[in-house]
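Undergrad: Once you've looked at the hints, dock chain B against the given chain A.
Spelled out, the chains give:
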Amino acid sequence: MPTTPRPRRETVTGVPRGSRASQGARGSRTPGHAPARSEISEQTTLGATYVRSLMRSQLRTALLGLGALAPLIGTLPLLFLLPRVLTGAALPASGPFVWAALGLVAYPVMWLIARWYVHRAERNERDFRGLLEGR
Amino acid sequence: MNHAYSVAAVTVVVLVTLLIGALGLRISRTTSDFYVASRTVGPRLNAAAISGEYLSAASFLGVAGLVLLQGPEMLWYPVGYTAGYLVLLLFVAAPLRRSGAYTLSDFAEARLESTQVRRLASLFVVGIGWLYLLPQLQGAGLTLEILTGAPGWLGGLVVAVVVTGAVAAGGMRSITFVQAFQYWLKLTALLVPALFLLAAWYGDDAPRARFDAPATFREHTSVRFQETVRIDLDQPLTVSVSGTVDDRAYEGDHDVALASGPHRVTGGTVLRFPAGAAVPEKSTGKGDGRAAGSSTWAHPLADSREEHPLYATYGLILATFLGTMGLPHVAVRFYTSPNGRAARRTTLVVLALIGAFYLLPPVYGVLGRIYAPELVLTGDADAAVLVLPERVLGGVLGDLLGALLAGGAFAAFLSTASGVTMAVAGVLTQDVLPARGVRHFRLATVLAIAVPLAVSTVVANVPVADAVGLAFAVSASSFCPLLVLGIWWRGLTPPGAVAGLVVGGGAALTAVMTTRAGLSVSGWTHTLLAWPAVWSVPLGFLTMVAVSLATRDRIPGGTAAILARLHLPEELTDTPEGAADQ
Chain A
1 MPTTPRPRRE TVTGVPRGSR ASQGARGSRT PGHAPARSEI SEQTTLGATY VRSLMRSQLR
61 TALLGLGALA PLIGTLPLLF LLPRVLTGAA LPASGPFVWA ALGLVAYPVM WLIARWYVHR
121 AERNERDFRG LLEGR
Chain B
1 MNHAYSVAAV TVVVLVTLLI GALGLRISRT TSDFYVASRT VGPRLNAAAI SGEYLSAASF
61 LGVAGLVLLQ GPEMLWYPVG YTAGYLVLLL FVAAPLRRSG AYTLSDFAEA RLESTQVRRL
121 ASLFVVGIGW LYLLPQLQGA GLTLEILTGA PGWLGGLVVA VVVTGAVAAG GMRSITFVQA
181 FQYWLKLTAL LVPALFLLAA WYGDDAPRAR FDAPATFREH TSVRFQETVR IDLDQPLTVS
241 VSGTVDDRAY EGDHDVALAS GPHRVTGGTV LRFPAGAAVP EKSTGKGDGR AAGSSTWAHP
301 LADSREEHPL YATYGLILAT FLGTMGLPHV AVRFYTSPNG RAARRTTLVV LALIGAFYLL
361 PPVYGVLGRI YAPELVLTGD ADAAVLVLPE RVLGGVLGDL LGALLAGGAF AAFLSTASGV
421 TMAVAGVLTQ DVLPARGVRH FRLATVLAIA VPLAVSTVVA NVPVADAVGL AFAVSASSFC
481 PLLVLGIWWR GLTPPGAVAG LVVGGGAALT AVMTTRAGLS VSGWTHTLLA WPAVWSVPLG
541 FLTMVAVSLA TRDRIPGGTA AILARLHLPE ELTDTPEGAA DQ
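Just so you know, the protein sequences line up as chains A and B, in that order.
Under the UniProt record's numbering, think of the first position of the first sequence as 1, with each following residue one higher.
Under the UniProt record's numbering, think of the first position of the second sequence as 1, with each following residue one higher.
It is possible that part of the hints are untrue.
Claimed, not checked - Restraint-style ranges between C-beta atoms, simulated for each label pair: (1) B:V16 to A:R126: 36 to 44 Å; (2) A:V105 to B:V16: 32 to 40 Å; (3) A:H119 to B:A546: 46 to 54 Å; (4) A:L86 to B:H220: 28 to 36 Å; (5) A:L79 to B:W184: 32 to 40 Å; (6) B:A206 to A:G67: 38 to 46 Å; (7) B:A22 to A:L79: 15 to 23 Å.
Worth flagging that the hints you see were computed from the coordinates, not collected in a lab.
Every value quoted in this text rests on a predicted model; they were computed, and no experiment measured them.
Even glycine gets a Cβ: it sits at the ideal position worked out from N, Cα and C.
Isolated chain A (complex conformation):
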């Protein structure tokens, strides 16, 4: 997998992440903090910081998804080689394990990773909205 450059790490002060969904419900907006949105649309430094925090949480989620895909599916070619390396026999690796892994199990595993990611990414966005509206 290629290296995905991470955005520069910066200290985000005063913008706690996560676990804000509970406060983000509609109607809990405190007067005086609506400007968060306009900070973003007017591209102030604070607005940029908000966007960065969302990008970073989304990128972390995506990398976690990739981190699940790479060891679960990406290492299979090496696993298939193991019996040959261990026994030293020159058998082609067409055992039932290969059939089961590539023909059957790989698809639900990938779908579960995808479902986890979609839920997590949407939660990140909900948290972010809560951050803007309900802080």
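TA: For chain B alone, coordinates are given in the frame of chain A:
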């Protein structure tokens, strides 16, 4: 095989495609409808359409053929095609939709504010699109030839005409319905015969397929050789020959004892093998990259696996995992979702739909290895799916199921071809033709499919069929870095993007072209060039990052604003995007 049933099935598929296209025309009223189905396609319909478009004949026919020939390791193809969508979902889906880009060129221009990058991206889109169309048209010709005996050019022409009709008439709105219909058709066409075949196989005491030894003929089988081939015998074998073997002509069925070792069978010869005989290996002639009875869908690629299988597998994995996001017809589809969240959910459904579909081709591959082993010898492994019902079931049932599969195969050609044509035509309208608008889009459609059609008739017998694999490798080395860095990295600059596209994509293209041209035949060089993704993808990424860092003063001024738009949920961005202002 009963030609009448197959012709009827293909005709029905073509007519229904045109009918749905015409219905789309009636409800496709605005320009926005035409290009992006007014961006109102819900996740389920859109997911079926995306899956219908994505599952090309390489999936419908090719995977089974590859499994028949080379065993379960070939299942990396469908796994890779599916994982490509997962990687796309993780890094690209929602931001690409939020970018408001209709094509990859639009994305490049919006992100980098550079018309130079835009033009280069357009070049790659059209190039990859044509590489992808070529095998669809040629495969359609081959399929129609096998099914009905029609001349080879006819299938490609039929596909081209139907696609032009459907795309030019109704645009994206029509195509969405057509492709959604074709997904379900393809799934049914593969599922129903598979159930009958499995029942018959079970009733036949469930013989096991063997992939670690040569396949054997289950019964007395006569094989007709279309072309001259060299075969290798492991042990002496007595066959009955009608034709020419080792330059000796035999009249009528003459029993000939062939010694072990290589033999030359002249085209037109019929060999009759006794039951239980091992299917001879087709030997790899010198300088002939297309030997060893491989499937046309992954041809020299599959051959060069033999030397360094682990490296080749990872080359395949990288190309398919990372190449999917850059395929032109895949990107266009995301714009038809109403918003970024819907784009994500759509991709989730797509993963379920294509995952379910890919459970079926291996069944045909295994049954083909048992019941139609001579396909290894004649090289028509792609036909495995089509001939199995007749071989295993026979009678009217076999004919009917064969016809269903024929219809499904044709749906595969039509849906992928129409999706790619739509995407290429979109780019041509915007970047090549002088004026925009629906009328010019129709002109671009004709242009988009006429070029590969012309090429496919000219280079009929050149191994262009593995252009699908080539398209994946080029896309993974060019558009994957552009999309991933463009979406997640603020430091990307226009010169960096240009350099990365040219170096990464160019390297992959050159490498694969070199192997296809037969300039390198064996050894590590050959394997490295045949499977470029392992080194060309990192090369593309590194070039893009390095040149961007060197030209830091060229970071576009609007980077912060565009990145905010890519990542913020739609309801938080103040200015809603305008309607499709094509």
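Undergrad: Each hint needs a verdict: does it hold in this structure or not?
TA: Going through the hints against the structure:
Distance hint for B:V16 and A:R126: a CB-CB separation of about 42 Å, consistent with the stated range 36 to 44 Å. A C-beta distance of roughly 36 Å is found between A:V105 and B:V16, which places it inside the suggested range of 32 to 40 Å. With their beta carbons about 37 Å apart, A:H119 and B:A546 fall outside the hinted range of 46 to 54 Å. Take A:L86 and B:H220: their Cβ atoms lie about 42 Å apart, and the range 28 to 36 Å is violated.
The hinted window of 32 to 40 Å between A:L79 and B:W184 holds, with their beta carbons roughly 35 Å apart. Between B:A206 and A:G67 the C-beta distance comes to about 40 Å, which sits within the given range of 38 to 46 Å. In this structure, B:A22 and A:L79 break the distance hint of 15 to 23 Å, their C-beta atoms being roughly 51 Å apart.
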